[in-house]
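Protein chains in written order, with the working numbering: chain A, 1 to 249; chain B, 1 to 262.
Just to be clear, a hint being listed does not mean it is correct.
[Claimed, not checked] The calculated lysine-lysine pairs, modelled on PhoX-like cross-linking and capped at a C-alpha distance of 25 Å, are: (1) B:K68 with B:K14; (2) B:K148 with A:K221; (3) A:K221 with B:K68; (4) B:K68 with B:K148; (5) B:K68 with A:K234; (6) A:K62 with B:K28; (7) B:K140 with A:K234.
[Stated by the list, open to error] Chain B stretches covered by chain A per the calculated footprint, using a threshold of three residues with CB under 8 Å from any CB of chain A: (8) 25-38; (9) 82-89; (10) 115-123.
In short, the hints are calculated from the structure, not lab data. Every value quoted in this text rests on a predicted model; they were computed, and no experiment measured them. C-beta atoms are modelled at their ideal positions from N, C-alpha and C, and glycine is treated no differently.
The lines below spell out each chain.
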Amino acid sequence: MTQTRNLIDENGKRTDGRTADELREVKITVGTVRNADGSAFIEFGKNKIVAAVYGPREVHPKHMAQPDRCVLRCRYHMSPFSTDTRKNPAPSRREVEISKVMREALEPALMLEDYPRAAIDVYVEVLQSDGGSRCAGIAAASVALADAGINMRDLVSACAAGKVDEQIVLDINDTEDKEGGADMPVAYMPRLEQVTLLQLDGKLSQEQFNECLDKAISGCKIVYEIQKQALMQKYFGNETELKEEVAVQ
Amino acid sequence: MHDVKRRYVIPGDKIADGNFRPLMNVIKSGNALVATRIGIAETGRDGVKVIPLSGVYIPRVNDLVIGKIVDHSSLSWEVDINSCFSAHLPAQDVFGRDFSPARDDMSKHFAVGDMITARIMAFDRTRDPMLTVQDRDLGKVPRGELLKISATRVPRLIGKRGSMIQTIEQATQTRVLIGQNGIVVVTGRDPEGIKLSVRAIQMVEDEAHTANLTQRIKVLLNVPDTPQEITRAPIGNGDAKSGEIDSNMGEVEEELEVEGEK
């Protein structure tokens, strides 16, 4: 990863005009796929991703079933039209890896032991990609899982941080990912204060690492609020503010 | 008289602190009680529970379900009950204890593709649900319009002490059979009545968590808004146990509705 140009200008603005601590615009819509048990559509900057959850349902092939818990299966896939040049639709090494880390990021939040001998399938389809799609995918998948009514300990939110021009910045985009110094995607359960995914591509010093992790977690907390709001909006509409009510029986 | 605190929750939301009993869709995390599903949290004297607003059907013993025969072996039928577990109806349940696969023709009773009403006799973590049709009004469903709704909407469709479903049945001159698994069968003489009944049921499903639903259903069905005595049992067929649960859950939502009107 060698830098070829300045990614932060003299005013401290990044290539897309954001400051170092600024997140791209995030928008989540719940229940977009009618056939799925739970679904969500996320726009994370220029990323456009659909997540659909099916299950708990019967496991096929049957030998994959676990007697004591549910099997979680994740598929991350990029559409051929999601990138500048056509992407081969066959699962690439990168997609297989992201599917795996995504599963491992979501698993700790799910109460899989509640559904023995069943399976939950999570499909994450990237329609348009712009760097940080695995984080956006995890955030969307977590909302879709909640929408599917699967027992969860907490929502999983995700956000990346990284190093650009020797400066730690939040939520790096495609250009910064390719030309910047480091990229660190983090998935985090805000209530439990637990990290479920931590990857790092690039080199960071100890201090930089700590700063980067803190920044990513603060980004996750912002994404968490958006996830919460999206779910509230779908199920309770505009009554979200009237959260507390008391009735006498 | 005691206070019941209600609020909307999503997974991970803290409902209460302290020494409450976690009842349904709630976990204890340290001293806090945390919701695990999207729904309406209730903090009462007995404990804390969340009435879920989404999710697939998970069988419970004594539930009345409507299912489809998908296959049979020499000893039992396999029934699709709209869940992640396929249920089994043992042939002995139908033919009696002296059932012999060589002598008795299973397809005489239920053929593949038949719809049946059954009760869940046994179910736990280790085995698939076992059904029984040995009760009044259980067995083959001969005719009717089949509908699938979310299992979480079933208590709402039944309403407080069966009020909602009774309104629909009376206004449309139909008979509505509801399985806890979200399968609904509508029967009646008048096709228009069936059509209207189906529309009303779909409206209940789509708008289950909104206030003033009973009013809107009455408008749809052209029913004058007068309070009426309800005499029928909640879920048909003398289903005492699940009826009790249903009416409780119906009550919850009915009350919410009243609050919404204020």
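Do the hints match the structure? See the list:
{"no.": "1", "hint": "B:K68 with B:K14", "in the structure": "40 Å, violated"}
{"no.": "2", "hint": "B:K148 with A:K221", "in the structure": "38 Å, violated"}
{"no.": "3", "hint": "A:K221 with B:K68", "in the structure": "46 Å, violated"}
{"no.": "4", "hint": "B:K68 with B:K148", "in the structure": "12 Å, holds"}
{"no.": "5", "hint": "B:K68 with A:K234", "in the structure": "32 Å, violated"}
{"no.": "6", "hint": "A:K62 with B:K28", "in the structure": "33 Å, violated"}
{"no.": "7", "hint": "B:K140 with A:K234", "in the structure": "38 Å, violated"}
{"no.": "8", "hint": "25-38", "in the structure": "holds (count 7)"}
{"no.": "9", "hint": "82-89", "in the structure": "holds (count 3)"}
{"no.": "10", "hint": "115-123", "in the structure": "violated (count 0)"}
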